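Colleague: Chains as they are written, first to last, in my numbering: chain H, 1 to 548; chain A, 1 to 297.
Hints were generated in silico from the structure; no laboratory data involved.
No experiment lies behind these values; they were computed from the predicted model shown.
All C-beta atoms in this analysis are idealised placements derived from N, C-alpha and C, irrespective of residue type, glycine included.
Among the hints, a few may not be true.
Computed from the model, here is a short list of chain A residues facing chain H with C-beta under 7 Å [as the list claims (entries may be wrong)]:
1. F15
2. G28
3. F36
4. W61
5. V63
6. V132
7. K288
Simulated restraints on C-beta separations [said to hold, decoys possible]:
8. A/K207 to H/W477: 46 to 52 Å
9. A/I24 to H/L539: 52 to 58 Å
10. H/D317 to A/T241: 30 to 36 Å
Just a few of them, taken from the derived set where beta-carbon distance is under 7 Å, the chain H residues facing chain A [said to hold, decoys possible]:
11. V50
12. V70
13. R73
14. T185
15. R189
16. V313
17. L345
18. G361
19. V375
20. A378
21. L379
22. A380
23. R457
24. A459
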Amino acid sequence: MAESKTGPAWTGNYLQDYGRRRGLMAWLTTTDHKRIGLMYMMAMFFFFTVAVMLGVLIRLELMNPGMQYVTPRVYNSLFTLHGVIMIFLFIVPGIPAVMGNFILPLQLGADDVSFPKLNLASWYVYIAGAVLALTSLFAGGGVPDTGWTFYAPYALRSGSNVSLAVFAAFVLGFSSIMTGMNFITTIHRLRAPGMGFFRMPLFCWGLYATSWIQVIATPVVGITLLLVIMERWLGIGFFDPARGGDPVLYQHLFWIYSHPVVYVMILPAMGVISEILPTFAGRTVFGYKAIALSSMAIAIVGYMVWGHHMFTVGMSDTARRVFSILTFLVAIPTGIKVFNWMATLYKGSIRIEPPLLWALGFVFLFSIGGLTGLVNGALATDIHVHDTAFVVGHFHYTMFGGAGVGLFAAMHYWWPKIFGRMYNRKRAIWAWGIFMVGFNVLYFPMLVLGIMGMPRRYADYLPRFHTPELISTVGSWILVSGLILMVWNLIRAIKHGEPAPANPWGGTTLEWQTTSPPPQLNFAVAPTVTTGPYDHTALRAAAAKEAQ
Amino acid sequence: MAGASSYSGMVDKTFWMILGSSVIMLLGITATMILFMVKYRRSRHPVASDIEGSATLETLWTVLPTVLVMVMFYYGWAGFKVMRETPKGAMPVTVQARMWSWSFKYENGKQTTELYVPVGRPVAVNLESADVIHSFFVPAFRMKEDCMPGRHNHAWFQAEREGVYDIMCAEYCGDKHSAMLSKVIAVPADTFDVWLERGGGRPTGLKLMQIKGCVACHTSDGSKLVGPTYKGLFGSKVRVTTNGVEREVLADEDYLRRSILQPKADIVVGFQPQMPDMAGQLDDEDIKLIIDYIKRQ
Ligand code: HEM
Ligand SMILES: [Cu+2]
Ligand SMILES: [Cu+2]
Numbered sequence: 001m002a003e004s005k006t007g008p009a010w011t012g013n014y015l016q017d018y019g020r021r022r023g024l025m026a027w028l029t030t031t032d033h034k035r036i037g038l039m040y041m042m043a044m045f046f047f048f049t050v051a052v053m054l055g056v057l058i059r060l061e062l063m064n065p066g067m068q069y070v071t072p073r074v075y076n077s078l079f080t081l082h083g084v085i086m087i088f089l090f091i092v093p094g095i096p097a098v099m100g101n102f103i104l105p106l107q108l109g110a111d112d113v114s115f116p117k118l119n120l121a122s123w124y125v126y127i128a129g130a131v132l133a134l135t136s137l138f139a140g141g142g143v144p145d146t147g148w149t150f151y152a153p154y155a156l157r158s159g160s161n162v163s164l165a166v167f168a169a170f171v172l173g174f175s176s177i178m179t180g181m182n183f184i185t186t187i188h189r190l191r192a193p194g195m196g197f198f199r200m201p202l203f204c205w206g207l208y209a210t211s212w213i214q215v216i217a218t219p220v221v222g223i224t225l226l227l228v229i230m231e232r233w234l235g236i237g238f239f240d241p242a243r244g245g246d247p248v249l250y251q252h253l254f255w256i257y258s259h260p261v262v263y264v265m266i267l268p269a270m271g272v273i274s275e276i277l278p279t280f281a282g283r284t285v286f287g288y289k290a291i292a293l294s295s296m297a298i299a300i301v302g303y304m305v306w307g308h309h310m311f312t313v314g315m316s317d318t319a320r321r322v323f324s325i326l327t328f329l330v331a332i333p334t335g336i337k338v339f340n341w342m343a344t345l346y347k348g349s350i351r352i353e354p355p356l357l358w359a360l361g362f363v364f365l366f367s368i369g370g371l372t373g374l375v376n377g378a379l380a381t382d383i384h385v386h387d388t389a390f391v392v393g394h395f396h397y398t399m400f401g402g403a404g405v406g407l408f409a410a411m412h413y414w415w416p417k418i419f420g421r422m423y424n425r426k427r428a429i430w431a432w433g434i435f436m437v438g439f440n441v442l443y444f445p446m447l448v449l450g451i452m453g454m455p456r457r458y459a460d461y462l463p464r465f466h467t468p469e470l471i472s473t474v475g476s477w478i479l480v481s482g483l484i485l486m487v488w489n490l491i492r493a494i495k496h497g498e499p500a501p502a503n504p505w506g507g508t509t510l511e512w513q514t515t516s517p518p519p520q521l522n523f524a525v526a527p528t529v530t531t532g533p534y535d536h537t538a539l540r541a542a543a544a545k546e547a548q
Numbered sequence: 001m002a003g004a005s006s007y008s009g010m011v012d013k014t015f016w017m018i019l020g021s022s023v024i025m026l027l028g029i030t031a032t033m034i035l036f037m038v039k040y041r042r043s044r045h046p047v048a049s050d051i052e053g054s055a056t057l058e059t060l061w062t063v064l065p066t067v068l069v070m071v072m073f074y075y076g077w078a079g080f081k082v083m084r085e086t087p088k089g090a091m092p093v094t095v096q097a098r099m100w101s102w103s104f105k106y107e108n109g110k111q112t113t114e115l116y117v118p119v120g121r122p123v124a125v126n127l128e129s130a131d132v133i134h135s136f137f138v139p140a141f142r143m144k145e146d147c148m149p150g151r152h153n154h155a156w157f158q159a160e161r162e163g164v165y166d167i168m169c170a171e172y173c174g175d176k177h178s179a180m181l182s183k184v185i186a187v188p189a190d191t192f193d194v195w196l197e198r199g200g201g202r203p204t205g206l207k208l209m210q211i212k213g214c215v216a217c218h219t220s221d222g223s224k225l226v227g228p229t230y231k232g233l234f235g236s237k238v239r240v241t242t243n244g245v246e247r248e249v250l251a252d253e254d255y256l257r258r259s260i261l262q263p264k265a266d267i268v269v270g271f272q273p274q275m276p277d278m279a280g281q282l283d284d285e286d287i288k289l290i291i292d293y294i295k296r297q
């Protein structure tokens, strides 16, 4: 009977093996976008766990003034590893690699992405980059201690194994570019009949804007990282003034990529929120076009604001003013999204379920992230908080409270689709509550500390910073308890959860029209589209009929 | 509200303005979400209405935030403008940063490891670094500007009240980044003038080595820190690596001079090439004094 498990006629789901290969080999050679999404998820989950543990260690050392558990050198390596893993291995691939891969073709009504083999290749490139990054820890001159930004000239002089770590980031960039190209092509070519660009779900819009950034911005950082390697190995003076180079040039090149990349993290998360809110409000989204186009606006304006990371390097005062005003401009499309989301709840018929709570958690935490960003965008105030704990608080609110929580929201939303099982609702809500409390206890004190003048990347600090540091450390324990409960609840559901129906939440986009979990080729009958993505009339009529 | 520096009040006003409107917006957003969750939950409001959008509302919440952020930009810019316009006649002080210490050089040649300034008079700082990037941060004054190797950044401040204020390095610079601290000591102007005159002229060799931070990594008592000790160094044979080749050299005056000016030329076996090159921070006479001191150890 194994032999008959091929082709569209087969009615099993994608989690079951079909075709020639079985077990692990079947996964490692798969070109199914759903399986590749899950493989990304497993790899990223591993790295996330490691980096969270490093984060907890950082907090433990900072609990009290003085050095308790590690030397300053080890502390510096801890935050470098924590940052490098979180950024390059977790949050940048993040939602696109896991949820984009799994959901994008389903939402478009397609069988797969445009280039399934390239998709598998990009997973292997990601793994290769990750292996290189891990090797850099154990081989050569010791664990890198430069911070995730690899600033010259420090990164050029550090005796630690920086070249390999930088090369790893370079390789990971290729994985990003490949995924980006794949998604752009898929969105242009594989939409279901009837699905114009403005009938596309907003998650796809988020991925579309993201993919363009990945394709256009990533090569810049690739070249920059190569220049760093050439300087370290061949002694060519690009960035080190002792060799005639310019360290400010490095920072420009680095941020030309690394600022847009924060939108690579956040735009897909915004897309997730734009899916969840209409579903649980049981109504259409408010201001569809504004949300879709603001993603593109953020992607475009976001290209021109990188200098706000460099307000104290001694750029001309005019340049600082221009970068400041452009930074404020990005706030506008972001604000539009938040207001449209709130309006989507207005006169809805709201069901409070875990995905909705995570989505609202996103709106709350990301608002704090965005609003503290205004402090960083204004010149007079940024001069004071630049490179302090305030910035560390700000970017955890945006990247973790935003992109990270967006991923958790997506997992709670699509978990029944992915595994065909429901998780425990009550436990999910508890995990959310503990996480939200822990998050704010952990990161809010950092905002306070920064305003008090506590610099970042400090292994030790003056006694006057003690109280907020201590509170923050306690917060890290609460947050991790919430995370553990959440992960355990989700994993448990895969085996022990109740079977999930095709459309457990009353969603209107195409992925809910196929079974949970979906069959290998996604749809038994290829869907066609006749309405906008969030049209609830059919669902409402069905519910009314059932009620009679 | 009088701050510690002449412009800290303006910066704080910008803080209050931005943080204040942020708190109001955050409370507004949160309260609205909770209100809608209660008011429109399915048990109370079983049938949703599809509202596709509203041109008026959407224009409103595009225009209002635009105005608000432009006001914020203006405040930030106005405060910044003051920070960047050094008043004429400000007293110049050169701030020299290196891994991992600060020193300050006054016009009359006086050098210190803590920054003494007169209350009520503007001070123009000229920022230098001997090695990697550091950042001169005085939180109480709301001032910060990076010390870049190979270029001169500038900033200014004016202390308004007597007191002792922390200086911290705000740009990550390696192992002892968090120990790269010093103080601004603001004293009355007449006390300052007396103080400045007293210590004019060139410091001794040992004093120079304290000021330039040499003692953070080298000792005279034979113990080994980040760098080798001076004890018994002069006239001894030292194993070094030069361009990747290991060799033995005699620690004579030339060797010491080279080690100070081009520390990466010969790396003593067992140590990392971490020492900043002091060429920009010491003149010939300084180096002679330091070598004389090392000879005596
Ligand atoms: C349990 C969770 C976490 C804890 C306890 C934690 C804690 C910290 C702390 C205390 C620092 C500051 C280190 C310093 O300045 O000395 C830091 C830095 C950082 N964190 Fe986290 N963090 C967590 C999760 C995350 C997540 C989810 C992300 C990304 C999405 C992230 C990204 C970063 C980055 C990029 C840095 C900067 C590293 C650098 O300065 O080079 N963290 N984290
Ligand atoms: Cu940025
Ligand atoms: Cu430093």
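Colleague: Next, verify each hint and record whether it holds.
Modeller: Right, here's what the structure says about each hint:
For A/F15, the interface hint holds, since its Cβ comes within 7 Å of a Cβ in chain H; the closest pair sits about 5 Å apart. Because the smallest distance between the Cβ of A/G28 and any Cβ of chain H comes to about 9 Å, over 7 Å, the interface hint for this residue is violated. The closest approach between the C-beta of A/F36 and any C-beta of chain H is roughly 4 Å, which is under the 7 Å cut-off, so the hint is satisfied. About 4 Å separates the beta-carbon of A/W61 from the nearest beta-carbon of chain H, less than 7 Å, and the hint is met.
About 9 Å separates the beta-carbon of A/V63 from the nearest beta-carbon of chain H, more than 7 Å, and the hint is not met. The beta carbon of A/V132 comes within 4 Å of a beta carbon in chain H, closer than 7 Å, and the hint placing it at the interface holds. Taking 7 Å as the C-beta contact cut-off toward chain H, the hint placing A/K288 at the interface is violated, the least distance being around 24 Å. Remark: the range hint 46 to 52 Å for A/K207 to H/W477 is upheld by a beta-carbon distance near 49 Å.
Checking the proposed 52 to 58 Å range against A/I24 and H/L539 shows it is violated: the Cβ atoms sit about 38 Å from each other. Taking the beta carbon of each, H/D317 and A/T241 are about 45 Å apart, not inside 30 to 36 Å as hinted. With a cut of 7 Å, the hint placing H/V50 at the interface with chain A is violated, because the nearest CB-to-CB distance is about 22 Å. Among the interface hints, the one on H/V70 is violated; its C-beta lies about 12 Å from the nearest C-beta in chain A, farther than the 7 Å criterion.
Against a cut-off of 7 Å between C-beta atoms, the interface hint on H/R73 holds, since the closest Cβ of chain A lies about 5 Å away. Against a cut-off of 7 Å between C-beta atoms, the interface hint on H/T185 is violated, since the closest Cβ of chain A lies about 30 Å away. A hinted interface residue such as H/R189 counts as satisfied when its beta carbon comes closer than 7 Å to some beta carbon of chain A; here the least separation is about 28 Å, so the hint is violated. About 5 Å separates the beta-carbon of H/V313 from the nearest beta-carbon of chain A, less than 7 Å, and the hint is met.
A cut of 7 Å between beta carbons decides the hint on H/L345: the least distance to chain A is about 4 Å, and the hint holds. This hint is violated: H/G361 has a C-beta 10 Å from the nearest C-beta of chain A, more than the 7 Å allowed. About 5 Å separates the beta-carbon of H/V375 from the nearest beta-carbon of chain A, less than 7 Å, and the hint is met. This hint holds: H/A378 has a C-beta 3 Å from the nearest C-beta of chain A, less than the 7 Å allowed.
Interface hint status for H/L379: upheld, as the beta-carbon distance to the closest one in chain A is roughly 4 Å, under 7 Å. At a threshold of 7 Å, the smallest CB-CB gap from H/A380 to chain A is about 3 Å, leaving the interface hint in force. The interface hint given for H/R457 is met, as the beta carbon of that residue sits about 4 Å from the closest beta carbon of chain A, less than 7 Å. For H/A459, the interface hint holds, since its Cβ comes within 7 Å of a Cβ in chain A; the closest pair sits about 5 Å apart.
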